[in-house]
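What follows is the residue order along each chain.
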Amino acid sequence: MLIYVFRRLLTAIPTLFVIVTLAFFLIRVAPGGPFNQERGLSPVIKANLEAQFGLNDPLWKQYLNYLNNLLHGSFGPSYNLPDFTVGELFWKGLPISVQLGASALILALILGSILGVVAALNQNKSADYAVIAVATAGSTIPTFVIAPLIQLVFGLSWKLLPIGGWGDGALINKIGPVLTLALPQIAIVARLMRGSMIESLRSHHIRTARALGLSDWSVVVKHALRGALLPIVSYAGPAAAALLTGSIVVETIFSIPGVGRYFVDAALNRDYTLVMGTVVVIAIFTILFNLIVDILYAVVDPRVRYD
Amino acid sequence: MAAAETVLDVRDLKVRFRTLDGAVEAVKGININVKAGETVAVVGESGSGKSQTMMAAMGLLASNGEATGAVDYRGSNLLTMRKSELNKVRGRKISMIFQEPMTSLDPLYTIGNQLMEPIRRHRGLSAAAAREEALKLLRLVHIPDPERRLKSYPHEMSGGQRQRVMIAMALANDPDVLIADEPTTALDVTIQAQILVLLAELQKKLGMAIVFITHDLGIVRRFADRVYVMRSGEVVEEGEATALFANPQHPYTKMLLAAEPTGRKAPPPPDAPILLEGRKVEVTFKIGGGLLAGDPVILRAVDDISIRLKRNQTIGIVGESGSGKSTLGRALLRLLPSDGQIRFGNSDISAADKQAMRPLRRELQLVFQDPFGSLSPRMTVGQIITEGLLVHEPSLSSKERDRRAMEALQEVGLDPVMRNRYPHEFSGGQRQRIAIARAMILKPKVVVLDEPTSALDRSVQKQIVELLRKLQADHDLSYLFISHDLAVVRAMADYIIVMKQGKIVEEGQTEAIFDHPREKYTQTLMAAAIDSTRFRASA
Chain A
8 MLIYVFRRLL TAIPTLFVIV TLAFFLIRVA PGGPFNQERG LSPVIKANLE
58 AQFGLNDPLW KQYLNYLNNL LHGSFGPSYN LPDFTVGELF WKGLPISVQL
108 GASALILALI LGSILGVVAA LNQNKSADYA VIAVATAGST IPTFVIAPLI
158 QLVFGLSWKL LPIGGWGDGA LINKIGPVLT LALPQIAIVA RLMRGSMIES
208 LRSHHIRTAR ALGLSDWSVV VKHALRGALL PIVSYAGPAA AALLTGSIVV
258 ETIFSIPGVG RYFVDAALNR DYTLVMGTVV VIAIFTILFN LIVDILYAVV
308 DPRVRYD
Chain B
11 MAAAETVLDV RDLKVRFRTL DGAVEAVKGI NINVKAGETV AVVGESGSGK
61 SQTMMAAMGL LASNGEATGA VDYRGSNLLT MRKSELNKVR GRKISMIFQE
111 PMTSLDPLYT IGNQLMEPIR RHRGLSAAAA REEALKLLRL VHIPDPERRL
161 KSYPHEMSGG QRQRVMIAMA LANDPDVLIA DEPTTALDVT IQAQILVLLA
211 ELQKKLGMAI VFITHDLGIV RRFADRVYVM RSGEVVEEGE ATALFANPQH
261 PYTKMLLAAE PTGRKAPPPP DAPILLEGRK VEVTFKIGGG LLAGDPVILR
311 AVDDISIRLK RNQTIGIVGE SGSGKSTLGR ALLRLLPSDG QIRFGNSDIS
361 AADKQAMRPL RRELQLVFQD PFGSLSPRMT VGQIITEGLL VHEPSLSSKE
411 RDRRAMEALQ EVGLDPVMRN RYPHEFSGGQ RQRIAIARAM ILKPKVVVLD
461 EPTSALDRSV QKQIVELLRK LQADHDLSYL FISHDLAVVR AMADYIIVMK
511 QGKIVEEGQT EAIFDHPREK YTQTLMAAAI DSTRFRASA
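Chains as they are written, first to last, in my numbering: chain A, 8 to 314; chain B, 11 to 549.
Just so you know, the hints here were simulated from the structure itself, not pulled from any lab data.
Certain hints may be false.
Here are the simulated DSS-like pairs of lysine-lysine, each with C-alpha atoms no more than 27 angstroms apart in a straight line [said to hold, decoys possible]:
(1) Lys229(A) - Lys98(B)
(2) Lys215(B) - Lys146(B)
(3) Lys453(B) - Lys480(B)
(4) Lys24(B) - Lys132(A)
(5) Lys103(B) - Lys229(A)
So here's chain A without its partners, still in its complex pose (with noise of 0.2 angstroms):
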């Protein structure tokens, strides 16, 4: 098992080699720089600008420039947001992005679960049926939607939680987001949940396991859940790579200094190292979920080895 982590690690290597070089280029190809802004800069500022970072340079040096800064683990300055390094965005921004996308997650697998298992079990029955009805809803309403009416009810009318804030990270001002990026989650994982419970329950195992007069408690949850379990696993690591690097929605409307507004505001302001970073920081986590879930596969499901 060891080995077969260090030899994905490895691979993981190459992988984000070609990411980075196609990102690198692709966003070249889009026109304008960081410095053409509205109303212009005089050109000789312009031109003293474009030297400082570099710019002026061949294309490919500072492809090779860029690796090798990105080697020696910096992810360069940002042209936008010139105070800040592009490090230094994600070392304060990452954090909170992370403990939102956390929360939102352990919450939608947890109450996803029991909803997708509860509607399983009661299959074409009333209990099914409401949960498949706010399954539907909590997909289909946009996030857009459900933020501005949490900070509606909760905040100004009933005055429960604050409209927006990160507040230092007090656990009252990440009600609202984290229910906001949980609640589209949790109707996905209920679904899925459902849809593989009552495949597993009508599995032929399952039938013996009620031939053998086995409680209903183990009949489900030992037996069934955990054949169940595989689709969720599968779906989580993507989910979690995404949310854990956050949402420009949710961190816009709440006002939470996140990394989530980076990867949209870079790329349309030309901030080449920030959409670079945001790049890279999104490729690791998606590798590293995606290993991890391939390592659950395996604690799951005995069949899965890699040896």
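Fit chain B to the given chain A structure using the hints.
Frame of chain A, contents of chain B only:
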């Protein structure tokens, strides 16, 4: 035995399923009783309701099913029992084993864990004591190296071993009644015989009654004391096994008993030309391997086999699952890459590429085992059987194709009107006829029949065998008949090749192989399949 107590009494049992098309009555008020220690067989073809009867008794019906009537276990009705009460009976007093050994065990837990669970639940033993019991049970069902097997997962065991584990689980609490639902159908014949001997032995040792649900009359004859014959939800005949076999009353029972395929095929004249020939054919598969995974494992599925198929000859290829018989059939049709030489007629086709093979394809046809999976559900029967004509006779007008479709359907004994219907509207036997029509419409010379009757009921099997023989006589066809079912092979083939692990174990004229098998393996195979002596606990 005569005054033995009735342990299981099924009275006026009805099983109904609610479906989108209304209620379907699967069991229509039947009576079955089982006395302590006896072996009762419930026999019937697919759809007769034989399994659903016992599923209902065990409270295992699908959620849209409901049972009325009574199933009494020693006086208390299982159908009306509370679930907690029922859970004290099933697994303890009445237990059940199923048809699907590969999937009936939980793949995520070790054998030991699964064996210990019902023991601990019903007898409240400690983990250590339950483990001892589990070991004892594994020894009882003759699992070698039981200590190690406790830690094995189901996927690490063969089908036969898994069925032994299932039996061990079912017998863990010394039940009164063991319900065995087609317990050997999914197994190879030699394994089948071993499992049946094991069941007989355990019954002798432990004294439980066995309810044996099966479609296989050969097993019933060798195994059961009393028989119930079921057809479309009703018991049509019941009685002592010996009497029932000697003197069946109901026409359906008579039909079932007569359903073993009969007749023999004469060999082709000695000067018949050789149509398809394989010389030293080998097929190897690489398993695993890759850039970082190291060297692949090489599996020799077909190992140095030579075969000569003459015109109007049927060669039966016999062997258990994994023996390479299907792979050989596909390799000879050049559907799989292989080493060695393959000749069709006068030309060497070993190296022919796809393009060169295409015109030959119409003369080399293949019929598959699974009549449910091998017909596209989105095409009409007419489209399915004429699809080959589009490739091989593109100049035909659509009217002409339609006429050929009608001819082909008529030839396989189906009403030509059916060509506008879809496969799901047909039964398994009808579908297999459609699959045969699809091959025959191209007027082939060689047809590889890969277990064409294995998924069918005996009575339907017989009809398909007769159809295939008629087609052969009418069109001078040559068949390569791949099957594990020796009774069918005997009726179809004039020459037999016995395969094991990719190699030919024995070959010869059918009668010679059946009457005087030389090799040990062939003898075991024959004994398991043909012998009519009763399964006895080995001394």
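Which numbered hints fail | none
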